[in-house]
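*Asks:* Build the full structure now, drawing on both the sequences and the hints.
Residues per chain are reported as follows:
2 protein chains.
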Amino acid sequence: MKEMFGGPGKVSGLGLRVGQFVFAAASIVVMVSARGFFNATAFCYLIASMGLQLLWSFGLACLDLHALRSKKNLQNPVLVSLFVVGDWVTSILSLAAACAAAGVTVLFARDLHYCRAPYNFPCSRFQISIALAFISWFLLAISSHVMFWLLAATREELCLMR
Amino acid sequence: MKEMFGGPGKVSGLGLRVGQFVFAAASIVVMVSARGFFNATAFCYLIASMGLQLLWSFGLACLDLHALRSKKNLQNPVLVSLFVVGDWVTSILSLAAACAAAGVTVLFARDLHYCRAPYNFPCSRFQISIALAFISWFLLAISSHVMFWLLAATREELCLMR
Chain A
1 MKEMFGGPGK VSGLGLRVGQ FVFAAASIVV MVSARGFFNA TAFCYLIASM
51 GLQLLWSFGL ACLDLHALRS KKNLQNPVLV SLFVVGDWVT SILSLAAACA
101 AAGVTVLFAR DLHYCRAPYN FPCSRFQISI ALAFISWFLL AISSHVMFWL
151 LAATREELCL MR
Chain B
1 MKEMFGGPGK VSGLGLRVGQ FVFAAASIVV MVSARGFFNA TAFCYLIASM
51 GLQLLWSFGL ACLDLHALRS KKNLQNPVLV SLFVVGDWVT SILSLAAACA
101 AAGVTVLFAR DLHYCRAPYN FPCSRFQISI ALAFISWFLL AISSHVMFWL
151 LAATREELCL MR
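Here the protein sequences come in this chain order: A and B. Under the UniProt record's numbering, think of the first position of the first sequence as 1, with each following residue one higher. Under the UniProt record's numbering, think of the first position of the second sequence as 1, with each following residue one higher.
None of these hints come from the bench; they were simulated from the model. Computed from a predicted structure; not experimentally measured. Ideal placement from N, C-alpha and C gives every residue a C-beta, glycine not left out. Zero decoy hints are in this set.
Just so you have them, the derived chain A footprint on chain B, three or more residues with Cβ under 8 Å:
hint, region
1, 33-44
2, 82-96
3, 105-117
Quick list of the computed label-pair ranges, beta carbon to beta carbon:
hint, chain 1, residue 1, chain 2, residue 2, range
4, B, G36, A, F38, 21 to 29 Å
5, A, F38, B, S33, 29 to 37 Å
6, A, V32, B, L160, 44 to 52 Å
7, B, G59, A, H66, 41 to 49 Å
8, A, R69, B, V18, 49 to 57 Å
9, B, N73, A, G15, 35 to 43 Å
10, B, G15, A, A48, 34 to 42 Å
11, A, G15, B, L79, 32 to 40 Å
*Replies:* Rendered as C-alpha cells:
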C-alpha cells in the first residue's frame, strides 16, 4: 500500500487528527459560552456534530499514536475502508452543521439585524465558533480524501496483481 | 482506464448529469415561486449555487452526449482531473447552500414559528426546494466520487506500469 501524507499510522495523519479534535472542542466551547445559543436548532446541531467529530478524531488519534509507538502498520484494505466510511459520514455531517449554523448567523446579522440593540445576540461568538468548525471540517476533509485515495489505489493494485 | 458506472462518456454518467440539472432547475423554480424568499440571504445563495450546478451539469451532459454519439473516449487523466476539480467545487458549494437554507427553514418553522399566522411564511415551498437541492447534490456527489476513484485508479495504474 502507498505511503501518503496524512495516511493512517503516520505522524502527519496524527497531526491532522489532533488538529481536528482540538478545533472541534474549541468550536463547542465558544458556542456553549454564547448566550441563548439553544434557541436555534442549528446551533445545537453544530454542538452535537462537533461532539461526534471530536470523539471520532480523538479515537483515531489514539490509534495513530498506538501504531506509531508499536510500529504497527494500519494500512490494510479493511481498516482503510472503515476509516473511509467513518471519515466521510463525519465530514458530511460537520459541513452540514457548520453551513446550517452559518446560514442562521447570516440571517441574524444581515437580514433580521438581531446582533444590534435591542436584541444584542452574541453574533461574534457564533461566528468564531462556526469558523473553528469550518477549520476542523477542512482538516477532516483532507483526511477523508487521503483515505479514499489510498483505498482506490489499493483496489487498483490488487486488481492489477491478479 | 477503468470502465465504471457513472464515468464520463457513459450512458449512466449522462443519466446522472441529466438528473443533476433537472433537480437543480426544479429547486430554483420552486424557490423563486415562494413569496419573500429574497429576505433571507441563504435562499438567494441556494438559487445562485443551484444555478452554477445547473450550468456545470448541463455542460457535462452535452459533452457526454457528444462523446456517446461520436463514440469518443473522454476517460483520459487530464480531462478526468478537470472533472474532479469542477465536481468537487460544485458539490461542496451545493451542499453548503442546501444546508444553510435548511438551517434557516428549521429556524423559521421550529424556533421562530414564522410559518404560522400572522407571518405565514411559505415554509413548505422552502422545504420542497431544499429537498430537490439535496437530491441534486446527492447525484453530483455520486459523480464526484466516481471521478475521484477513476483518477486515483489511473494514477496507480500509470505508476505500476513504469
